[in-house]
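Trainee: Counting from 107, one number per residue, gives the positions in the sequence shown under my numbering.
No lab work stands behind these hints: they were computed from the structure.
Glycine is no exception: its CB is placed at the ideal position from the N, C-alpha and C atoms.
There's no promise every hint is true.
So the derived label-pair ranges between C-beta atoms look like this [claimed, not checked]: (1) A189 with N125: 14 to 24 Å; (2) E143 with R165: 28 to 38 Å; (3) P140 with Y160: 16 to 26 Å; (4) V157 with G133: 14 to 24 Å; (5) S156 with A189: 24 to 34 Å; (6) G191 with L149: 29 to 39 Å; (7) F158 with D132: 29 to 39 Å; (8) L150 with G191: 26 to 36 Å; (9) G190 with G133: 13 to 23 Å; (10) F135 with V157: 29 to 39 Å; (11) G190 with S156: 14 to 24 Å; (12) D132 with E168: 13 to 23 Å; (13) T188 with D164: 30 to 40 Å.
Below, computed lysine to any residue pairings styled on SDA-like, alpha-carbon distance capped at 20 Å [claimed, not checked]: (14) K139 with T174; (15) K139 with L126; (16) K139 with P166.
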Amino acid sequence: MAVLMLAWCSSAHAYDLGNLLREKPDGTFSTPKPLFEVERCLLLRDWRDSVFVYRTPDRPDESLVYFTGGFNEPRAIELRRTAGGTEVAVHSIAVAKAQECG
Numbered sequence: 107m108a109v110l111m112l113a114w115c116s117s118a119h120a121y122d123l124g125n126l127l128r129e130k131p132d133g134t135f136s137t138p139k140p141l142f143e144v145e146r147c148l149l150l151r152d153w154r155d156s157v158f159v160y161r162t163p164d165r166p167d168e169s170l171v172y173f174t175g176g177f178n179e180p181r182a183i184e185l186r187r188t189a190g191g192t193e194v195a196v197h198s199i200a201v202a203k204a205q206e207c208g
């Protein structure tokens, strides 16, 4: 029973994340810091919930930091390496925390 519940919750969050990323970001900014430094800062923040980082081998210059907040509302921060540092796109209320790392 617990395994079924976990699978159900995970699929719901994946659907919410897909919808969230289709929407225009709530905030964007650029920072001169390297992608991995921004990613590391975000992971070490004092989040109340679990934080996940997705990176694929075919996109080494991109990362997606994903977590859920109150009422399981999905939040995501997209990171893209640029010539001058990192471009950050924030979805949901995580804008202030992302700016602290940039």
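Trainee: For each hint, tell me whether it holds in the structure or not.
Mentor: Results for each hint:
1. Separation of A189 from N125 is about 31 Å and departs from the stated range, judged on CB atoms against 14 to 24 Å.
2. The hinted range of 28 to 38 Å is not satisfied by E143 and R165, whose Cβ atoms lie roughly 18 Å apart.
3. Against the hinted window of 16 to 26 Å, the Cβ-Cβ separation of P140 and Y160 comes to about 18 Å, which satisfies the hint.
4. Between V157 and G133 the C-beta distance comes to about 18 Å, which sits within the given range of 14 to 24 Å.
5. Between S156 and A189 the C-beta distance comes to about 33 Å, which sits within the given range of 24 to 34 Å.
6. For the hinted restraint 29 to 39 Å between G191 and L149, the CB-CB distance of approximately 18 Å leaves it violated.
7. The beta-carbon spacing between F158 and D132, approximately 19 Å, falls outside the hinted interval of 29 to 39 Å.
8. At roughly 19 Å, the beta-carbon separation of L150 and G191 lies outside the given 26 to 36 Å, and the hint is violated.
9. Checking the proposed 13 to 23 Å range against G190 and G133 shows it holds: the Cβ atoms sit about 19 Å from each other.
10. Look at F135 against V157: about 20 Å separates their beta carbons, and that is not inside 29 to 39 Å.
11. For G190 paired with S156, a C-beta distance near 31 Å fails the hint of 14 to 24 Å.
12. Hint check: D132 to E168, Cβ distance near 19 Å, so the stated range 13 to 23 Å holds.
13. At roughly 18 Å, the beta carbons of T188 and D164 sit outside the given window of 30 to 40 Å.
14. Proposed proximity of K139 and T174 is contradicted: the alpha carbons are some 25 Å apart, above 20 Å.
15. Annotation: proposed proximity of K139 to L126 is violated, straight-line Cα distance about 25 Å (limit 20 Å).
16. At most 20 Å may separate the alpha-carbon atoms for a hinted pair to count; K139 and P166 meet this at roughly 16 Å.
Checked against the numbered hints above, the structure violates hints 1, 2, 6, 7, 8, 10, 11, 13, 14 and 15; every other hint is satisfied.
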